[in-house]
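Given chain A, work out where chains B, C and D should sit, using these hints.
There are 4 protein chains.
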Amino acid sequence: MSRRLQIAVIGSSKSICTKKAYRLAEKVGEEIAKIGATTVTGGGHGVMEAAMKGAKKQGGLTLGILPWEKMDPHNKYCDVIVATGIGWSRDAINLNSCDGAIIVGGGAGTLNEATYAYIEDIPIVALTTSGGMAKTLTGIYFDERKTERVIGTRTPREAVTRLLGEIKKKKKKSKRPGIIQRKRDY
Amino acid sequence: MSRRLQIAVIGSSKSICTKKAYRLAEKVGEEIAKIGATTVTGGGHGVMEAAMKGAKKQGGLTLGILPWEKMDPHNKYCDVIVATGIGWSRDAINLNSCDGAIIVGGGAGTLNEATYAYIEDIPIVALTTSGGMAKTLTGIYFDERKTERVIGTRTPREAVTRLLGEIKKKKKKSKRPGIIQRKRDY
Amino acid sequence: MSRRLQIAVIGSSKSICTKKAYRLAEKVGEEIAKIGATTVTGGGHGVMEAAMKGAKKQGGLTLGILPWEKMDPHNKYCDVIVATGIGWSRDAINLNSCDGAIIVGGGAGTLNEATYAYIEDIPIVALTTSGGMAKTLTGIYFDERKTERVIGTRTPREAVTRLLGEIKKKKKKSKRPGIIQRKRDY
Amino acid sequence: MSRRLQIAVIGSSKSICTKKAYRLAEKVGEEIAKIGATTVTGGGHGVMEAAMKGAKKQGGLTLGILPWEKMDPHNKYCDVIVATGIGWSRDAINLNSCDGAIIVGGGAGTLNEATYAYIEDIPIVALTTSGGMAKTLTGIYFDERKTERVIGTRTPREAVTRLLGEIKKKKKKSKRPGIIQRKRDY
Chain A
1 MSRRLQIAVI GSSKSICTKK AYRLAEKVGE EIAKIGATTV TGGGHGVMEA AMKGAKKQGG
61 LTLGILPWEK MDPHNKYCDV IVATGIGWSR DAINLNSCDG AIIVGGGAGT LNEATYAYIE
121 DIPIVALTTS GGMAKTLTGI YFDERKTERV IGTRTPREAV TRLLGEIKKK KKKSKRPGII
181 QRKRDY
Chain B
1 MSRRLQIAVI GSSKSICTKK AYRLAEKVGE EIAKIGATTV TGGGHGVMEA AMKGAKKQGG
61 LTLGILPWEK MDPHNKYCDV IVATGIGWSR DAINLNSCDG AIIVGGGAGT LNEATYAYIE
121 DIPIVALTTS GGMAKTLTGI YFDERKTERV IGTRTPREAV TRLLGEIKKK KKKSKRPGII
181 QRKRDY
Chain C
1 MSRRLQIAVI GSSKSICTKK AYRLAEKVGE EIAKIGATTV TGGGHGVMEA AMKGAKKQGG
61 LTLGILPWEK MDPHNKYCDV IVATGIGWSR DAINLNSCDG AIIVGGGAGT LNEATYAYIE
121 DIPIVALTTS GGMAKTLTGI YFDERKTERV IGTRTPREAV TRLLGEIKKK KKKSKRPGII
181 QRKRDY
Chain D
1 MSRRLQIAVI GSSKSICTKK AYRLAEKVGE EIAKIGATTV TGGGHGVMEA AMKGAKKQGG
61 LTLGILPWEK MDPHNKYCDV IVATGIGWSR DAINLNSCDG AIIVGGGAGT LNEATYAYIE
121 DIPIVALTTS GGMAKTLTGI YFDERKTERV IGTRTPREAV TRLLGEIKKK KKKSKRPGII
181 QRKRDY
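These protein sequences, in sequence, are chains A, B, C and D.
The numbering of the first sequence is our numbering, which starts it at 1 and goes up by one.
The numbering of the second sequence is our numbering, which starts it at 1 and goes up by one.
The numbering of the third sequence is our numbering, which starts it at 1 and goes up by one.
The numbering of the fourth sequence is our numbering, which starts it at 1 and goes up by one.
It is worth saying that the hints were derived from the structure and are not from the lab.
Heads up, a few of these hints could be off.
Where chains are identical, the list cannot tell them apart; a pair therefore holds if satisfied intra-copy or between any two copies.
Restricting the straight-line Cα-Cα distance to at most 25 Å, the calculated cross-link-like pairs of lysine to any residue (SDA-like) are [what the hints assert, rightly or not]:
hint, residue 1, residue 2
1, Lys-57, Gly-36
2, Lys-14, Lys-56
3, Lys-146, Lys-169
4, Lys-56, Lys-146
This structure is a prediction, so every number in the text was calculated from the model and none was measured.
Chain A on its own, in the form it takes in the complex (with noise of 0.2 Å):
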């Protein structure tokens, strides 16, 4: 695979970002920059504007998906900006646009993203040390089938430097169904 990764922040929303949070997000987003991926984000504030601060401090490129049909607002450090139009659902898109994703603080919405990367098998790390949802789940699985377990990570480079190893592991054998292009295009 030649293609730049691209690694997904999840997490806070305005509303429930704490200033660690917000700090530690925005080291992730240098930590994603220094490794050449591309850090992509739900294009919001929060943690999503923190990653992405912290990727183009080290001259990293950035990707918001925005649930809303126009392409503003979004934060100012999006290069490139995707409008879905579709809500809500737009947290599928975010999860199938990456190689894998870390957990940085987060309520309900961040719990909605991380069952999708569940179901759909996409490797995802917690930011242990930022609270919230990045707490709640660390190790846990969220159903019996055990697809995919939350992994632990203390600091934003461990947090990063383990999600490569899963990703690295995970394109090896992957599990995840996903679908299949098919044969007429249009």
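Just chains B, C and D now, with coordinates in the frame of chain A:
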């Protein structure tokens, strides 16, 4: 608006892409890159691949928005990939995610995208000389509401320049409704 | 196939619906109910409302598939309502959810739906006498792939009878690709 | 509101559905039918099939909302089928298309749907005695915003009665944001 412009190129997929349409799409991608805008396509082959290839030749940024749930396969000129997983419904996302669109060649899929641009009042020009839908749709309105006429142009440079003019006009007073962002964030 | 047939009626929304198109759509809904099929529309007004009104007059079942996130507002003849929340991307869902479609009048939105039917190889007939897109699209193929021709018909009864014939032919050997169900369920 | 109520039953898909959850879901469907409401599910097997089977036993109406692009396969108790073609993003559509939801058993997919109900402020009760997510989620809020608590109930009848009460309360003053219908129609 400080963000980078995003311009979509829509047109013939591989199975109906003529050599002429491919060559012209490549030039369109080059012109888009020259004005510093991001080239947005469906991430497939034919005109999509050509436009992104042209954009990369000039150091431009490219975004491919796929219908599938997985990021692969896609053409090799995508800097950023979005795997929507919503099938052909993703045509709407391509249009939502651009400031304006250029038609090069094209068949039924292109017509689908062009009607969406019309409905949402997104500026659209056709490279008439590329044939296919670009030729068929030049100068027409899709219905009596006359939301948006497809403007015909004769060269890649004219297509980009003309579209830029339309985008600037539109920014002043957009009739585009759009889904309004909601107060609560998640 | 033991399930009840589902037939979509697509056409003029309120702002462009002529009295003639409304009256014809009502008759189309009646004919659909008479053969025991469910009438599927976008749940709005104009032709959508008329077809469902006709279906209810004959004791038929009706399904409205809305673009919005909320179930209201919708026309008062919907027995079952689906609120997709994905905006105009829902056009594809309307077509996926029918065995065949009938065009009555119509503008740009109808054209969008008709191209989707073409791309997905879903049987489609136009009630030519209702004007608008129904007239414009009669007899055409959308591109050189010639997937599906829009068949012209002159009366509501002929439209339904002809469509039934096409649906039966199609069942025998569908070229329609479709997204394949995946092995794991969630 | 004169339209028929729509109640979603979410829970264990076939691979994790216990006999107890299946039996209880069947009773839930019966109770929904008895109050004249439509039973909405994802159209699959396990709890989805059971609830629809129960509803049909009591002469109720049923709606199945599939993730796939094709209307088949689905369980044999669906009166009306919607083939969304948007994969697991369809979970949001199931919730948008109900006035309230009942959890019976369930794993990760159910959790995904429950978080969506929370985010969108849709009334939701759990049949605690059915185990799985229904048990795990009883009484909890998903985050500190405390939008919607999952209410625990002990019998199918109590689940439906309690949900009805919540729906009536909600109708009076909905906090639910929803995407606003736009002025132009297509």
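Each hint, compared with the structure:
Taking the shortest Cα distances, Lys-57 and Gly-36 sit within 25 Å of each other both inside one copy (13 Å) and across copies (21 Å). For the homomeric pair Lys-14 and Lys-56, the shortest alpha-carbon distance inside one copy (19 Å) is at most 25 Å, but the shortest distance between copies (36 Å) is not. Only within a single protomer do Lys-146 and Lys-169 lie at most 25 Å apart by alpha-carbon distance; the minimum there is 17 Å, versus 38 Å between protomers. Taking the shortest alpha-carbon separations for Lys-56 and Lys-146, neither the intra-copy value of 36 Å nor the inter-copy value of 34 Å comes in at or below 25 Å.
When each numbered hint is compared with the structure, a violation occurs for hint 4 only.
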